[in-house]
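Chemist: Chain residues, written in single-letter form:
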Amino acid sequence: MITIKAFREKLKIRAKRLMTKSNRNVLCELTRAYFKITDHNSILGVFWSFIGPIALLAVMYLIFKSYFGKGIHAYPLYLLIGVISVNFFVTATTYIVRIFYINRDFTLNAMICRETIILSNVAIFSYKFLIELGCCFVLSIFYHLFTWHSLLLIVPLFIAYVALIIGVSFIFSILYCFARDVEHIWMFITRLLFFATPIFYLPDKLSPLAYKFIYFCNPLTPFLISFRQLIMGQPNISMHTYFYCLSLSLGFIIIGCCVFLVFENTAMERI
Amino acid sequence: MNDICIKVEALSKCFFVPNRKVTTLRLFRALIRQEPFKKEYWVLRNISFTIKRGEKVAIIGKNGSGKTTLLRILAGIYDKTSGTIEINNEPRALFKFWIGLLSELSVIDNIYLFGAVYGMGRSYLKDKIDKILETSELYLLRFLPLKDLSMGQRQRLALSVFFQNNSDFLIFDESLAFVDQYFTQKCEIYFRDLYKSGKTVIMTSQDNSFLRKYCNKVFWLDNGMICKSGEAGSVIDEYEQSLAINAAPVPRTAPRASRLPDLPHPGQGDFSNFG
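Chains as they are written, first to last, in this note's numbering: chain A, 1 to 271; chain B, 1001 to 1275.
Since the hints were made in silico from the structure, they are not lab data.
Glycine is no exception: its CB is placed at the ideal position from the N, C-alpha and C atoms.
All the given hints hold, so there is nothing to weed out.
DSS-like cross-link-like pairs, simulated, lysine-lysine; straight-line CA separation at most 27 Å:
#1 B:1147 <-> A:36
#2 B:1096 <-> B:1186
#3 B:1096 <-> A:21
#4 B:1007 <-> A:10
#5 A:12 <-> B:1080
#6 B:1199 <-> A:21
#7 B:1080 <-> B:1228
In silico contact screen, one side only, chain A against chain B (beta carbon under 10 Å); selected entries:
#8 17
#9 21
#10 24
#11 28
#12 33
#13 36
#14 37
#15 40
#16 106
#17 109
#18 269
Working from the sequences, and respecting the hints, build out all of it.
Modeler: As structure tokens, this is what we get:
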């Protein structure tokens, strides 16, 4: 097992290596390459990324609008924010969990920081999420809910959400190298997360215990609440939830980095 | 200025390999009985050497003797199990030529991607792009997706980009295997210039005549240990003699059992992953 002194030394070396110009070049080129090959040879191209969430949104709106949608102003926007936020988290993490296995040859033969592979993939998913958030803002203008201060506040929240995904990806991509069961476990968790996140229902309508459970045990809930408060221009933005999101992502990124640094080399020998 | 490029002392590398076929039932049984499910497999054992700046070093040995593992440790891809390594120059290592190439991308895009993976930025490569396309003879195909090129053309492209590397410490692991005769001549020019330069080079190859020409020092690895090191010509001669002895035909009259190979012991198993 790695000692604290060795860990500190490793962290210092790795941070230095990640910041080098050479590594920044790799990150840029990999992101550019993945971006070019995403939706390659596809007629609808980037629109495929929207068709899935839009179909889900349409079905959910038709089914839930009369029951859950009662009393929620701009319910389509409410649903859209929920669908795209959870979809971003689920698709990005599900793909990245297997990233070292998919890129086994690359991981074992190239002298690059392995975090770069994860970061370049997260960048692609984040780009799509950013466009989807843009669509939400367009809808919020349509409903006369848009405010300028929410646009400013959403930037740190977006960064924090991406950081949360990076942290989770660091942890599970390393664990996957040790046991392929992680993929099944993750699929199971994400399915549960879909219902344990207030995508189509109001969290206030839940019992206090259920509310506490989805708020504190599911990292997606506070993010979704904050995204909604900002995009739907609610007058009383809960700063408590906003800062809880920031601290959650900080916690996940720290834990993710520690797991990655400690187990990276052993994991690479097992893929 | 420090004259030493790499100093390795008592370097060892151990992998853990299953000592029986892995099934869920056997795994549970081993856990209940607290039996070890994996055993140690020492790929490198107590290796020490020093390489000075500007030296051209070849690492020779049979398949599975630990050459690639040693190079991967020097390149920082694998972690060592024990020992110390002091590296004063950051190496650039080429293990498999297809690493850093994406088949869906065009030749031009692949040049930038491959270059970035091996430490060359876009601005640096922009001036070299014509030279790369000319060396690889892919100028007319520069906008074609890589998947439409043959393996030989891909290798030519990868090597042509890697040859632009201006790092002072280069590692080649069987990089010229499968290169056609025509491109070999171009590679020979590159390696001749490299030999005359002050760069430090470590390479492995099964082509001993190539190593004899472009290396001045050789480490002979066997069973994860350096069994001989020294001036290139003499060590390669001894290695070839040992190969000739081992390859001597077994008499036809010999009993069948004696012709069976020995079971692999540490450092001899056929684990393509381990070098």
